[in-house]
Amino acid sequence: MIDLSLLPDGGMSWLDASGPKGSIVLSTRIRLARNLQGYAFSQRARDGDRSAVLTRVEEAVAASDHLSGAVTFRLDQLERADRQLLHERHLVSKELAGLDREARPRPGAALLVRGPVGVMVNEEDHLRLHGMRSGFALEEAYVDLEAADADLGRLLPFAFHPEFGYLTSCPTNAGTGLRASVLIHLPGLVLTKEIGKVLQGLSQVGLTFRGLYGEGSEVVGNFFQLSNQTTLGKSEEELLDHLGKIVRQVIEYEEQAREVLLRDHEAIIADKIWRAFGTLKFARSISFEETMNLLSGVRLGAGLNLIPGLSVYTLNKLLIFTQPAHLAALEGRSTGDPELPTVRATYVRRVLEAEAG
Amino acid sequence: MLCDSCKEREAVINLTQVEHDSKVTLHLCEQCAQAKGVETGVAVLKSPLGGFITAMGKGATSVLPTTDGLRCSSCGGTLKDFRDSGRLGCAQCYEAFDAHLRDLLRRLHGSSQHVGERYVVPGDVDTDPRRQLLDLREQLRRAVENENFELAAELRDRIRVLE
Ligand SMILES: [Zn+2]
Ligand SMILES: [Zn+2]
Numbered sequence: 088m089i090d091l092s093l094l095p096d097g098g099m100s101w102l103d104a105s106g107p108k109g110s111i112v113l114s115t116r117i118r119l120a121r122n123l124q125g126y127a128f129s130q131r132a133r134d135g136d137r138s139a140v141l142t143r144v145e146e147a148v149a150a151s152d153h154l155s156g157a158v159t160f161r162l163d164q165l166e167r168a169d170r171q172l173l174h175e176r177h178l179v180s181k182e183l184a185g186l187d188r189e190a191r192p193r194p195g196a197a198l199l200v201r202g203p204v205g206v207m208v209n210e211e212d213h214l215r216l217h218g219m220r221s222g223f224a225l226e227e228a229y230v231d232l233e234a235a236d237a238d239l240g241r242l243l244p245f246a247f248h249p250e251f252g253y254l255t256s257c258p259t260n261a262g263t264g265l266r267a268s269v270l271i272h273l274p275g276l277v278l279t280k281e282i283g284k285v286l287q288g289l290s291q292v293g294l295t296f297r298g299l300y301g302e303g304s305e306v307v308g309n310f311f312q313l314s315n316q317t318t319l320g321k322s323e324e325e326l327l328d329h330l331g332k333i334v335r336q337v338i339e340y341e342e343q344a345r346e347v348l349l350r351d352h353e354a355i356i357a358d359k360i361w362r363a364f365g366t367l368k369f370a371r372s373i374s375f376e377e378t379m380n381l382l383s384g385v386r387l388g389a390g391l392n393l394i395p396g397l398s399v400y401t402l403n404k405l406l407i408f409t410q411p412a413h414l415a416a417l418e419g420r421s422t423g424d425p426e427l428p429t430v431r432a433t434y435v436r437r438v439l440e441a442e443a444g
Numbered sequence: 020m021l022c023d024s025c026k027e028r029e030a031v032i033n034l035t036q037v038e039h040d041s042k043v044t045l046h047l048c049e050q051c052a053q054a055k056g057v058e059t060g061v062a063v064l065k066s067p068l069g070g071f072i073t074a075m076g077k078g079a080t081s082v083l084p085t086t087d088g089l090r091c092s093s094c095g096g097t098l099k100d101f102r103d104s105g106r107l108g109c110a111q112c113y114e115a116f117d118a119h120l121r122d123l124l125r126r127l128h129g130s131s132q133h134v135g136e137r138y139v140v141p142g143d144v145d146t147d148p149r150r151q152l153l154d155l156r157e158q159l160r161r162a163v164e165n166e167n168f169e170l171a172a173e174l175r176d177r178i179r180v181l182e
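Residue numbers (the numbering used here), protein chains in the order written: chain A, 88 to 444; chain B, 20 to 182.
These are computed hints drawn from the structure, not numbers from a lab.
Don't take every hint at face value.
If the Cβ cut is set under 10 Å, some of the chain A residues that face chain B in the computed set are [claimed, not checked]:
#  : residue
1  : Leu-123
2  : Tyr-126
3  : Gln-164
4  : Val-230
5  : Glu-233
6  : Asp-236
7  : Ala-237
8  : Pro-244
9  : His-248
10 : Leu-254
11 : Cys-257
12 : Arg-437
13 : Ala-441
Every residue gets a Cβ at the ideal spot worked out from N, C-alpha and C, and that includes glycine.
Work the whole structure out from these sequences, hints included.
See the structure below:
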């Protein structure tokens, strides 16, 4: 079992709900894709080259101002439950964690973390730097990341082309290599059935949406990740500004939708929210998916001040720790334990009772 | 799983909504999801390049000659490999397939011209001692790999001085 306390903040600070618009926006995340000159991209590279890339990244990180002292996790040396844990914390992609296959990740697959910045090594690209912040905080997340990127770019030769910009394994990421995502909770828009229009509008302005776990994941619990679709032909600032502007608009729509719900359907909404809360509080066996959906309702209730004395932090904590690998680690079970739904219900009840005081 | 709406095509997106007392999950095919006003982005998710690569291969929609056999001399990857996997083999592939990629990048991003941060590769004359040290260590590893022990010994001495 890996020691997650090694992570400076346990990798959790981004969920502390302290950030701007914390009740609607859970977190902001930006990543930069970079590759080293002189090595085949990770998927085509031989094991020896992948290991050489990791060694060079580790040396550069150790010599850098902003990342020295980072903790390294070698994914090829971790058990599946540990890799799943890192994925559930949004620190590594499903692909890098190798959760889609039986075999362990290939040599060189690693995660380096210091504070809010992480570096995935030998994912689709040699380096995927990411910065995470609580709430809606694009500028802050980018400041952290830009500093780390500049640092590493002085110590390592990145593959860069005067016309195409930073070169990436997949041309959808070329140019800036920048993908910014805002994890946002939109129950108001879903309940008022406005969500289809909003999501359709997003694609028309060059944005895309995904589920809680990023690429390829489904939308559950009304949690959406909104991000830029293109990475080339616009500067980093333009990409962030544009995403920021649209997200502010979506937040406004969501707030309006919630007002409408409260004004026209308060009894129905209150009933829904309290039923969700009741189920969470009294269930004796519950799946993670159902937990997410109920948390979605309760979160709306907390945001509308219909459920007093329940903090968004507690709800975020539940969202993280009721995930299979987290719950299993916390309660000393295996991720495949058939009793996990019962264990989950007990855990949720305990946390909610502690919060109620 | 079949689409809940048309019951004909494979469902590719799960749309979960809380309705009345319970949550409703709709399993929809791409067409039905779009008809319901949800831009799925599925084509993009499944293969990041969606129909673009196929279109490139067909030649009918592309003015470029079919040159599947075009090969990158650096990594050995061919244009066909790229069309099959959606991933390039190395940075030099961008030079080897440059006309095709320019065309593709324009269709994907609306432009092939990077206007973001200009990156300057740290040069050989760079005087940053940290970078010199990292370079020497890299040269040392290669020297050892190639069993050039004379060079390795010399590099070790230089590294010791810098450290
Ligand atoms: Zn259908
Ligand atoms: Zn190549």
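Evaluated hints:
About 9 Å separates the beta-carbon of Leu-123 (chain A) from the nearest beta-carbon of chain B, less than 10 Å, and the hint is met. For Tyr-126 (chain A), the interface hint holds, since its Cβ comes within 10 Å of a Cβ in chain B; the closest pair sits about 7 Å apart. Taking 10 Å as the C-beta cut-off, the interface hint given for Gln-164 (chain A) is violated, the closest approach to chain B being about 21 Å. Contact between Val-230 (chain A) and chain B, as hinted, is not supported at the beta carbon level, the nearest pair being about 14 Å apart and thus beyond 10 Å.
Taking 10 Å as the C-beta cut-off, the interface hint given for Glu-233 (chain A) holds, the closest approach to chain B being about 8 Å. Taking 10 Å as the C-beta cut-off, the interface hint given for Asp-236 (chain A) holds, the closest approach to chain B being about 9 Å. Hint on Ala-237 (chain A) holds. Least Cβ distance to chain B is approximately 9 Å, under the 10 Å limit. Evaluation of the Pro-244 (chain A) hint against chain B yields a held restraint, the C-beta minimum of about 5 Å falling below 10 Å.
Of the supplied interface hints, the one on His-248 (chain A) holds, with its beta-carbon coming within about 6 Å of a beta-carbon of chain B, less than 10 Å. The closest approach between the C-beta of Leu-254 (chain A) and any C-beta of chain B is roughly 5 Å, which is under the 10 Å cut-off, so the hint is satisfied. With a cut of 10 Å, the hint placing Cys-257 (chain A) at the interface with chain B holds, because the nearest CB-to-CB distance is about 5 Å. The interface hint given for Arg-437 (chain A) is violated, since its Cβ lies 24 Å from the closest Cβ of chain B, which is over the 10 Å cut-off.
A distance limit of 10 Å between C-beta atoms decides the matter here; for Ala-441 (chain A) the minimum to chain B is near 26 Å, and the interface restraint is violated.
Violated hints for the displayed structure, listed by number in ascending order: 3, 4, 12, 13.
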